[in-house]
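Asks: Start from the sequences, fold in the hints, and give me the full structure.
For reference, the chains in residue letters:
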Amino acid sequence: MKVILYDLDRTYDELIETRCDRALAADGKYTPCQGCFGCWTKHPAECKMKDTLQQVCRVIGQANELVIVTKNLYGGYSADIKNVLDRSIGTSTPFSTYRGRQMHHTLRYGRHDLWKVIVYGEITEAEKETFRLLAQRNAVNDGFARSEVLFLEDLRALEGAL
Amino acid sequence: MKTVFINCSPKKSFCASAYFLFLQRLFVGGQKVMEKLRTPADYDRILKELSDAQAVVFGIPLYVDSIPSHVLRFLEKMEAYCREKDLHFSVYCIANNGFIEGKQNEPLMQGFEHFCARAGLAWGGGVGIGGGVMLNVTRILFLVDVGLLVLNTLLSVVNTGDLFPKNAWISFGENAALLLYFNLGVLVYLARMGGSIRKGTFTGKRYTRILIPSFVFILFADIFFIIISLFEGGLFRGWLSKKAPTEAGRI
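Protein chains in written order, with numbering that gives the first Met the number 0: chain H, 0 to 161; chain U, 0 to 250.
Bear in mind the hints are in silico, worked out from the structure with no lab data behind them.
Do not rely on the hints blindly, as some may be mistaken.
[As the list claims (entries may be wrong)] Part of the chain H face toward chain U, derived, beta carbon under 8 Å: (1) His42; (2) Gly75; (3) His103.
Backbone N, C-alpha and C define an ideal beta-carbon position, used for all residues, glycine too.
Replies: Here you go:
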């Protein structure tokens, strides 16, 4: 399953929806993660906060290919995108293991293929390096076989990048 | 000299970030202001404190390999505020994560460095800590250790009149030394960073962890989550199962 998570305005909805099996619009109309671990220990794979992200980990967990379209913010995801990712740690279980020679959580939904990030907005070379590192770390953490980062100077190139 | 310490944990109490900021304050002199960043309601109060600060220390948990979203939203406001007020204080960061490797905080540290560059602030560096949750628990274990010493002393006074029971003090000393050892890497690096904060200089990026073998750490972490899941009931609600979404439509 291909999932696209994006923070673009609604004029891009149609384009995005034709390019994936499931579109997740990060519109910021939800609350941040409270760090309670309840999605592991109390109500597995479900957040205690009853908003649009309550079961988002179940969608992302089933993605074989996850594409994230995000504005650059300090060499990382925009706050709206990061909010969704923070609320999706139920894709893993509370058990720990070694992956990529470091400690990580075991995967609730098994291994995935591609963690792809499409970055738009003004960005420095140093921030690009951080973004590549971050995507690589995310891929290992969430059990994706590979990561890819594209930087768009113009959003008109988005259609070809999806 | 005024230093503002910002606890960025969204938890209301007993968070690892508060523990590490407490330790950091021991190594910093001058005026020390503690702030808590949980919601947008905290923004104005914190920003006001920054106008005459010489240094700001963020205590922050690692979320999905980088800066938590509620902190990103604040940093965007802080960037605009610092530019508008032409502020140029030094920014330091104490990042902690639940995994044992402190190095996993690297993307977060780089994010703070880029934030400082865009806000016109001086990046002072930071300390990345692995095993933050477990280190936070050591402070509770220390209090339990103190409680046992007091209890044994009281029993000794009642039974024998001895105010300094030797065995109780030896046991307390051994336990306290072990807890101190677990925290040793953190204490050394926070002490070094304290010197840099006082001088307003760059401290570099340092990574440390709770000083126990990682396989032991993983074993304790697994036991911890089994016990918590047992009490909270998750163990009986499809604890490890691949649950499908029950809600239709897009988010």
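Asks: Look at each hint and say if it fits the structure.
Replies: The hints, checked one at a time:
no.: 1; hint: His42; verdict: holds (6 Å)
no.: 2; hint: Gly75; verdict: holds (5 Å)
no.: 3; hint: His103; verdict: holds (7 Å)
In summary, the structure agrees with every hint in the numbered list given earlier.
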